[in-house]
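Assemble chain B onto chain A, guided by the hints.
Protein sequence lines correspond, in order, to chains A and B.
Just so you know, we're using the numbering used here here: the first sequence kicks off at 86 and counts up by one.
Just so you know, we're using the numbering used here here: the second sequence kicks off at 118 and counts up by one.
Don't read these hints as lab results, they were simulated from the structure.
Just so you know, even glycine gets a beta-carbon here, dropped at the ideal spot from N, CA and C.
Not close to chain A: a few residues of chain B, all C-beta gaps over 10 Å, as computed:
#: 1; residue: LEU165
#: 2; residue: ALA170
#: 3; residue: MET188
#: 4; residue: LEU192
#: 5; residue: THR246
#: 6; residue: ALA353
#: 7; residue: LEU518
#: 8; residue: ARG524
#: 9; residue: ALA527
Okay, the calculated bits of chain A under chain B, using three or more residues with CB under 8 Å as the criterion:
#: 10; segment: 138-151
#: 11; segment: 169-182
#: 12; segment: 190-204
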Amino acid sequence: MTRVVLAEDGVLLREGLVSVLARFGFDVVAAVSDAEELVAVVAEHRPDLVITDIRMPPTFRDEGLQAAVALRRLRPDLPIVVLSQYVQADYATTLLSTGDGRAVGYLLKDRVADVQDFAKSLRSVTAGATVIDPEVVRRLLHRPPDPLTTLSTREREVLSLVAEGHSNSAIATRLFITEAAITKHVGNILTKLNLPPTDQANRRVLAVLRYLRA
Amino acid sequence: MPTTQAPTLALLNRRYLLTGGPWRALFYLFSTLPFAIPVAIAAGVLALPYLAAMSSLSRGAAPDGPVLFLMIVSLALLLVLGPLVAVPLGVVERARLSLMDSRPLPSPHPPSPADLVSWLRTRYSEPATWRELLYALFLATVVPAAYAIAGFLIIIEAALLLGPFFVTGGSAFWTIGAFEVRTPAQAIPLFLLGILMVPVFGYLAGLLATGQAFAARALLGDRTGLELHQVAQSRARLADAFDLERRRIERDLHDGAQHRLTSLTLQLGMARLDVPADSPAAEPLTRAHDQAKDLMVVLRDLIYGIRPQALTDLGLPAALRELAGRSPLPVAVTVADGVPRPAEQTEGTAYFAASEALANIVKHAEATRADVLLARAGETLILEIRDDGQGGADPTRGTGLTGLADRVAASGGRLLLSSPQDGPTLLRIELPLIAAPAPAASLPAAGRP
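Just chain A, with the same shape it has in the complex (with noise of 0.2 Å):
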């Protein structure tokens, strides 16, 4: 039987998540009400399966969540399952970002109402497979386009260059163009890349840092 820790600090949403887990043949060896204490109780219980909601006492925000990428990184392997009350990619995100990205869960909390979909679910976690909100996943594909992307052939020759380190009048040489004309694909770069100006950054260094990333 998956023996099960559950960590929810609404106590009548915490008897229901019992009595669901009963039905459908988990063992719950704990329920508790804080992070704290999750940590604790798995540390002890050794279960197969966490569910966590993300925020709890004492201030409300994702310490549920903090808990779990702690005791992912204490065992990798552990499957979790998070639940939220609203859809936050990144929270999917750094939940993915643990361990290998395998037996984990993001789910809101609706998806406990269809009770038995919500037990596969949690089958499917403790098996070694990622779960994800669809919502979630919608909103992640709901991406907009690279601004790299937005870049002329031109443009994207000047930033490279400017990522080898070059100045502007080394690539107005190297391109046979004047320099004024590469200041001018410069700001282009900048603009496309909404990169305005500020007393913080070096926007030329960061120009090139999307670059590399993309």
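The following block gives chain B in isolation, referenced to the frame of chain A:
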């Protein structure tokens, strides 16, 4: 904190005599003297020709030529030289007013050119200058008269208190009103009266100083500017209160309603497992379960509209990304390095500005994409929202942009819009960056059911 209020409120405090109030008032009154005395002497000299004219009028004779001439000269001196004394006096008195009244009293004079001629021209043409001259005259006339009366009362009080020590034997005696005091025993009742009068003098000092502070505030301040400042402050407080209220409602909904609804939906889901599909209860139960699930979505969207939890939990960049993810348009969010987490109110204002702007773009701009940029320039938080739509956004049509500008202005920021026909539209919001205190410090962690 009585000192942040009008000085009259400090006087109404029942424990006024036990506070520093009377001592501050005394200090305020005594430190008036070095300014009031020279001003009073100068005003007295200027008033001499008028006194002479009055005395000759009282004798039934018209003032003669030299007196008339001197009257004109002294009036001219008052008008020409008066402001040169009154303006610097105003500076000193505004600074001294902070002893009595911690509400700021900014200078009524706008900054003026450095060269002397234009400075004089500006100052002589300002009503504020002449109100300061009026204050100087107040200092030269009403203040000495009031202080003289107070001084007289203090002498009587001193006599009452010191009586027993001065009439120790000999033939010396005091006469106070109808009383004649010859022996210490006779002085005792008067001494006790003097003791009883001490608190009265504490209030007398407070009253005098408050009256003078009232005149100073009325004559030395920038009336319109002060009111505007107060309006701006109350507007900012109002916006703050709204923001706090939104967070409270969001938390209450989350901790109470949302939590219970999730639990209820879960119970319905469980119940469905136990009801056979052919039972008459199966269909209504399924309907109830579906409605509860729909309600969860409705409630989540409602809470999101009140104040997104991501904003409170994760800060502005994450909340902006979530906002972008919800938009039907592709929206890229760029956050420059070095943007600190702003104060909660600033964060809320920036977020709602972005939300309103993106909604406008979807509704009106016919854009294919939008970009949101969050950056910092010095002590200013900069939020830019641009789209590639048709442009021509006009703040005078519709209340969206105006409401947005109001909200930004209430936080001490400003909103700039560039939207030529055929686009693109750039909306730039600048907000003063006040470093946030420790996260979530202002909300007590409410217990949950």
